[in-house]
Amino acid sequence: MQTTYRTQKVAYWYFAVAALLFLLQVLDGLVIAAQYIWPDLFVSFFPFNVGRTFHLNLLVLWLVLGFMGATYYVVPEETDQELFSPALAYVQLVILTLTGVAALVGFVAANFHPSLWLTEGREYIEAPRWADWLIVLGVGIFAVNNGITILRRRRPVTATVGILSLGLVGLAVMYLFGMKFLSNVTVDQFFWWWVIHLWVEGSWELIAGALMAFLMVRLTGVDREVVEKWLYVEVGLVLFTGLVGTGHHYYWIGTPRYWLLIGGLFSALEPVPIGLMVFDAWRMTRHAARPHPNRVAWTWAVGSVITHFLGAGVWGFVHTLPQINKWTHGTQITPAHGHFAFYGAYATLVIALAYFIIPQLKEAVAKMNPARGIAAFWMTTGGVVGMVIALTVAGIIQVYLHRMAGLDFMVVKTEYLRFWFVSRLIFGGLAVLGVLLYTWDFLSFGLGTEPGSAVPRSIPMTTSSE
Amino acid sequence: MSKAALRTLFIVGVLVFSIAFMALTMDTLGQVPARTNEQNLTEQVVAGKLAWQRHDCIDCHTILGNGAYYAPDLTKVARTRGAAFLRTWLKNPGGQMPNQRLTDQEVEDLIAFLGWVSEIDTNDWPPAPLGATPLTPGTPSPSQDLAAQGAALFQSKGCTACHGRQGEGSAIAPSLIGVSAKYDVDYLSRWLKDPSVVKPGATMPNLGLSQAEIEALVAHLQTLR
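These protein sequences, in sequence, are chains A and B.
Heads up, my numbering is the position in the first sequence plus 657, with the first residue counted as 1.
Heads up, my numbering is the position in the second sequence plus 81, with the first residue counted as 1.
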């Protein structure tokens, strides 16, 4: 098992930058989780809204860079040739990373000099217009580089590459809907959801589905024909339910009442394809042609399938019906779902891909030390699940006391939710330790075992009972 | 089913549901102007929205329920608190909100923006608290005495925002501990009915309280010692 194409190596730097940004994202998360308890913390130079803007934008950036790195690894292999231009891939990475860093600096500066040149003030897509255009440029280079590679392929395009491409085109096109200033806040939020919802419950699911199919074929050796058939069924159902399912965001923003029926009906079906993915993974495990030596990638991949179902499927379903959403909308129930779903559907998948791809690139699968990567999985997942439970309980209390009994928002937040916000912070700390372990593992692994080098391996750590 | 058949089904299905979603989008965009009173979407409201974005308000607050969950939802704040309260608050916020150093123009623009937002037809969201029923005028709950009702109103009417959670006062409003020793019931009632009638230029806004609510609040104030 080794890497077939030299140009696949560009994936390494994408995953490396993604890992560091992920670490930054969760460290920032600790700060804003602490501000829920001590609101005066850093308030003069790094208030909550700046910290939260960091948290969201770092999330999007590291996940997208992870997707892109994986794509640069998958496309040569699936089309039997070298990448069109590795140089362009590095240029693109530099553009996107520098734009991201510049935008973050701008968010801090906006706190002192409020300006639309520094922040657009719209959650997830706060990046100002100049940054938007640089992002479009970076994504454009990415599309051209992979597009030319795919067009020059030597065999028919595989379903994996087809779905992956469709998802990546969707990711780029949907971003454009967030770039225009709209004066009517209802119309603004209507199209804002085209970016956010049609990313995470649309195009990103296509990308994730295709990358998971790639990973499953490689890890289990199950017949590609079977996996790709399921891929069409799963991503088909994701889009059939998810496109019109955008309606679960159109209950209360000034859009017509019929969305309560349509949005409720379609979004109630959204867990079905995610449930199928769990069944599919279980079936593939049973029919695995051979056990793959990369146990770490396997752990993260199976963990991804399960937490994706729980976070996006179950935690999404519980508050998607309008009768319930009327009370839970805008409460801590939403971030409980948000954290679990992003972690399960995307964060774990990108890390699984990193753990699969980087050892392949370094030709070091047999030399891997699985204890660290598996310990990182359990620590991070345990931390996230603990946070999600704390936020869920906080949300339920908030629904009863604030929404139903009518107590003031701030009274409920400061008097009744404090214990749960402290719990969230503690479990957040556990998750950060897991991410630190992953980052350390990634860096030491990537740096310590260059292909062909005779660097002796470190003694396996025993940080886990595994 | 063969892979080719599933691919065809995928493509046809995605097209069908995309077209359905586009049709719904067109219909929605046709209805939004009436539902949001677009005729009242003045230049000042737009300026207010720009100020809202420039100060990144949405990464602490929610509006129409979307945003961050760190600070209260502001969809109906112009109705529940009123312009006078917002003007005082935005110029010198209390509680956990940092001072945004807004210009007077920005304050007025934001008030216009929040006023327009509060009139959007949100399909009755946020829902009225269930607990509001026994507190409506003329229907005192037999299980709650007057002072307890007043204590609940003290929270729900937003008195805590300026006067502190226990009425202990803050940088922008005085302490209410012992206020009933200084002023009699009649004065407190008149003050709560409309502060600016008692004292022209008073900072405290008219909260639009009913007679029953005023009686309950005065009873609560008498317990603050």
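The set of hints was computed from the structure by calculation and includes no laboratory data.
You may find that some hints are simply not true.
Here's a subset of chain A near chain B, in silico, CB distances under 7 Å, partners left out [unchecked claim]:
1. V700
2. R709
3. G827
4. Y889
5. T912
6. E1020
7. A1062
8. L1064
Values in this document were obtained by computation on a predicted structure and should not be read as measured data.
Glycine residues also receive a C-beta, built at the ideal position from the N, C-alpha and C atoms.
Hints, verified against the model:
Taking 7 Å as the C-beta cut-off, the interface hint given for A:V700 holds, the closest approach to chain B being about 5 Å. With 7 Å as the threshold, the beta carbon of A:R709 comes within range of chain B, its nearest partner Cβ sitting at about 5 Å, so the hint holds. For the restraint placing A:G827 at the interface with chain B, the shortest Cβ-Cβ distance is roughly 10 Å, beyond the 7 Å limit, so the hint is violated. Hint status for A:Y889 relative to chain B: holds, with the closest Cβ pair at about 4 Å, below 7 Å.
Proximity of A:T912 to chain B holds as hinted, the smallest CB-CB distance being about 5 Å (cut-off 7 Å). For the restraint placing A:E1020 at the interface with chain B, the shortest Cβ-Cβ distance is roughly 33 Å, beyond the 7 Å limit, so the hint is violated. Hint on A:A1062 holds. Least Cβ distance to chain B is approximately 4 Å, under the 7 Å limit. A least Cβ separation of about 5 Å between A:L1064 and chain B falls short of the 7 Å threshold, and the interface hint therefore holds.
Hint compliance for this structure: hints 3, 6 are broken, all remaining hints hold.
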